[in-house]
Structures are given as C-alpha cells and as structure tokens.
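Asker: So you can see what is in the structure, the chains are spelled out below.
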Amino acid sequence: MAGKGMRSLSEAMRGLSLAAQTCRTVPVRTAPLISRRSMATEAPVSNITRSVTEQWHPITTVPVTIHSFPSLEPRSLETYSAKHLYLPLRRDILHLAVVYEGDNTRQGTAQAKTRWEVAGSHRKVRPQKGSGKARVGSKQSPLQRGGGKAHGPRNRDFGTKLNRKVYDLAWRTALSYRYRRGELIVTEDGLDLPLPEDFLQQAQAGLLTRELEDAFIQKYVGEILGAMQWGKAHGRTTFITGEERMNLFTAMEVAGENGTALELEDVDVKDLLETGRIVIEKSVLKEMIREHRSDLVTTIAVPAKKKEITLGSLVYPYPKYAEN
Amino acid sequence: MPPRLPFAQAAQCCRKALEVPPKQSSLVSLFAALSVQTRSASILANLSDNKGAYHKRIRRGRGASSGYGKTAGRGMKGTKARNKVNPWFQGGQTPLIFKHGQKGFVNHRAPVMAELNLDRVQAWIDAGRLDPTKTITPRELVRCGLVGIKDGIKLLARGKNEIKTPVDIVVSRASAAAILAVEAAGGKITTRYYTKAAIKNLVSGKSIHTDKPLPVGPEHVESVLQQARTSRKHFYRLPDPTSRWDIEYYRDPAHRGYLSHTLKVGESPSLYFKVPGEKPLVGKKSKKTADATEERLF
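Chains as they are written, first to last, in the numbering used here: chain P, 22 to 345; chain V, 1151 to 1448.
No wet-lab data here; the hints were simulated from the structure. Glycine residues also receive a C-beta, built at the ideal position from the N, C-alpha and C atoms. Hints should not be assumed to be uniformly reliable.
[Unchecked claim] Derived, one-sided and incomplete: chain V residues facing chain P with beta-carbon distance under 7 Å: (1) S1192; (2) I1193; (3) L1194; (4) S1198; (5) D1199; (6) N1200; (7) V1235.
[Said to hold, decoys possible] Derived SDA-like pairs: lysine to any residue, alpha-carbon spacing no greater than 20 Å straight-line: (8) K1356(V) x R1446(V); (9) K1201(V) x R111(P); (10) K186(P) x I1299(V).
The task is simple: from the sequences and hints, build the whole structure.
Answerer: What follows is the structure, encoded as structure tokens:
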C-alpha cells in the first residue's frame, strides 16, 4: 500500500507543482514501469548513476528573485552563497536557537513569600505539650494555613548562553528553510502598503472616526493579502523592513490576523519560522546575513588569500545597466 | 522564488505529467501511506534537540515506579545509608595514608614546558598561520597562537606521520621521535636554552633571537661594546644554561643541542663521565713495573 501510494502521490504532487522531496529532484517517469514490458531482456537504466568520469559538483550559489511590491513583478536577480541560503535543515540547531531566545525573553519575576517573609510574629503559637493538639511552632510555617511557601518560585534569571556561531548558523538555517520552500519573498527597498488615495484624503481631513479607519484598513488588508494568498487562510505573512513604515506597520497592527510587520532589529529566529512566509527587503536580507555569518568569517589574519563570499551580488539586470 | 500559482491554474498547465487513474484516490489517503506526516502550522511544533542531548532526570525518593524510590539507591541500613564515610576510612584499621605516608614530593622549581605536537604545527602551516619558509622560533610559535608562554617549549611527536613540510624550528626541548620526524620531512631542528623571561622578551621584541651561545672571552669584548654604542635600541641578550643538567642537555647532539658543536670528536656530553679511550689510565702501570723490578723477600 505504501509503495503504490508513494508513486501516485509523487505524480499528484508533480501535477500540483509541489516537490515531494525538498532537497533532490525526483527522476521524471512518463509512464509506470509495468506498461513498458518488452519480450527482450533489458538492462535496467538508472537515471541517478552517471558515468564514472563525470564528477558531481555541489551547488555553491543560489539565485534570489527581487520582486516589486505589491505587484510581485520580478525586477532583478541576485545570487547568494549556498552557505547563506541553501544550508541543510538542522532541526536541532533551530531548536537550540529558539529555546535560547525564549529563555532570554523570560521576565523571571515570579516570587512567593517564604516563611521568613510572611508578616507576623515568630512566637510559638501554643506550648509543645499539654494542649492535646498537634505541636506547632510559628504561624508562618508552610504547614499552616496562611503560611509561607516552602519551595516556591524565586526572582531569578532564566537566561542561557548559546555560542554566537551556533546562533548565526541557526539564523541562516531558518532563512535556508524558507528559501527552499519558496516562502522567502524578497522585494525592493521601500516596502510599504499602498493605501487608496481617497481613503487617505478622507482620513487626513478627519472625516473618519477611528473605528471606521480601522475597519476599512482591516478589510482592505484582508482582501489584498487574501487575493495574494498571503493572508489568514494561508498561514499569515511576516513583513521585515529596515525602518518603520507607517502604513504597513499600523495596517498589520490593525489586521493582525493576516500577518505581522517587524523591523530588522526586532527579528528573532522564532519570527523567521512562525508564519506562512517572510517578505523581506533586499537590503535588509543582505544586512541580516552580514550580521549572522560569524562562523563563515574568520578573525584570524592570514596575509595570503582573500575569500570572496557572494553576498547578494547583482546578477540581473546586468550591473552595467543597474540603476543603483 | 516566484509566487505560487493557484491550484486550478497549475493543474491545467501540468496536465501532461499527471496520469489520472480511473479511480482517483484522495490526497488524504495518499498522505496516510507516507511515514512522514505533519499537521502543524509551522516547523516550530517539530523542533527538538538530538536524542543524545536529553538525559533521564533522576529524582530519588519519589516512588517505586521511578526506580529510585524508598531507599533511593543507598541499599539497606548502615552508616552509608544514613551518613557519609570518608574515602580513606578502613573500618578503624590504620589507614594506608597514615601507615605508609605520602610518597615523594612535588618539585615546584621544575621547569614547566609548553607541549607542542607535530600535528598542530602541520595544521597551522596548512592554514597559513605559520610561515615554514622562515626560522620558527618561540616568538613565532607564541604569536601565532600555537603555544602559551611557560618556562620553555617542548616539541612532541603526536602526528609524526602528518608532518610533511620541511621546517627550521628552534625549541627548548624535543623528543627523539619528534627530531626524527622533522628531519625525515627534510627540516632542521635545534634545541636552545630559554627561560620564561627570555621568551617574554623575544615575543615583545626586546630580544633578538639567536641560536648561538653568548661569546666568551676577552677577544669578543670590543665588538660587543661597539655594537652596544652604535645601536639606538637596547636588546636584552638571551641567557645560556648554568646548571649541570641543562649544560649536559644542550651539549648532547642527540637532542640537537645548540652547544653540541663545542664537543670534541668522541667526547661525551656529560661533564663528569668520560668515555673510556685507548689511552691507558695514568699511574697504575708504572707502579706495577716498579714492584716487579724490586727484589723482595716476601
């Protein structure tokens, strides 16, 4: 059952243009093997093994399309090193980074009073012997009603440490995961939500109440992102910009069910993995990778060689004709 | 990556690849056939560290099912179940440490050598952090991060089959295997006397390295004084060994010592023990002949 299911599934996936296996290309078969039986004995032809003399060279760079927003027209092509955006998926490294961020986010301000902190006198409540009742010391004992908590939470720092190079690798692994799944959309700089002119005029003139403004923006954002299949029904979208874009940020605050907007300095590894996709400005992506490549860049001075790591170098339109 | 097309459009354009069987099984049942399934909204729900990172937490005295309940791994009764027993206690019999006492002593004056193995040297050369074309002295070894500053540097032979580059290296001491390995690779090794202060001066540039001992004798005085008068910067000289053990070590050609050139042919590096030679011992033979010629009654 599993074998049959696998074959039909891969065919169905190809029909829906989704890859069954994310990391390798599945060899395409036009018809099932059974229908190609012939009388002559044939040596099976394998698509995977090539000749002995041919060498296999792994990919060193990957292409990234820069789109315009919101039309998503492809505007240019850039390349990034495979060590930036094509790292293998390491769930354990992602886990380390997400847990590290969570630990350091903790406030750690829960605290319960111990028997010494509960207010009251420490007088012995009744004599040791003679009352016929259980022996009792002070009123604040943890055994007493209203007493302190023996081993309760204390104000403490839950922060942990993680090697910088591991954290940077986790960052780039998260970006690579998104890139592989096609959930990393890179746009031109100046990413902002275009609001309709008449709405903006009316809002500036003060003709709309706050509720009306919010309701309109919510509906507008919902419809735009819904049409692009980026909204609530498709896992939400995270927009990452270099600086605060008023329209975009206030819109995503109001229409939070469709996504979220973040500045580069507020982004965490967890944010990169949360929603359905990441929409990021091209200069912000470059800056992000520059900040998180400490395991690739050495601090040891070696005078001889200089290694050039491809960091978003422009491929198309050809640099001679590029605008910037 | 370009944005995804809606499913309907995709099905129309890629119909050729899709061979629809007469009974179309739903995608859900096909998914069920696969072992890898995920129903979570994001990968955050499927993150965990590797198996070896998680260890069983032992909480003793918390019930039988934990495996560490009741006696909590202490066995039945006895002092060790209730208290602590010193590790040297032998039930009352005089402990060994008092019966025999402690053995030996710790020599706090012994020089502590920084150990350097050949595999590390080769790795540094391969990475471009150590230059094999120049003489490798303690200054280069400390500055490139191979060793720290201690009383000296001893070259050892872990990775003796890995060393391929011919190097000219000067260290405090070297093991026999390390000397063999360096010379087999075509290199040259010399051992020279250093102190901690001397190494510090070399690293900071207050001394200039030399693999020759200080010149001894009145004939060298004038040239050294001339040097001192003309040079603007003062350089501290490197010390030579004074103790018997050190002098004998650096006189030994087997250690490639920098004083071994002072030995005469056939001379032993030891300052006390002489090599027995062809010359007879002085005095004994003449005594015997004298006795033989004398006429004695008894």
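Asker: Run every hint past the structure and note whether it holds.
Answerer: Comparing the hints with the structure gives:
no.	hint	result
1	S1192	holds, 6 Å
2	I1193	holds, 6 Å
3	L1194	holds, 5 Å
4	S1198	holds, 6 Å
5	D1199	holds, 5 Å
6	N1200	holds, 5 Å
7	V1235	violated, 29 Å
8	K1356(V) x R1446(V)	violated, 75 Å
9	K1201(V) x R111(P)	holds, 14 Å
10	K186(P) x I1299(V)	violated, 28 Å
When each numbered hint is compared with the structure, violations occur for hints 7, 8 and 10.
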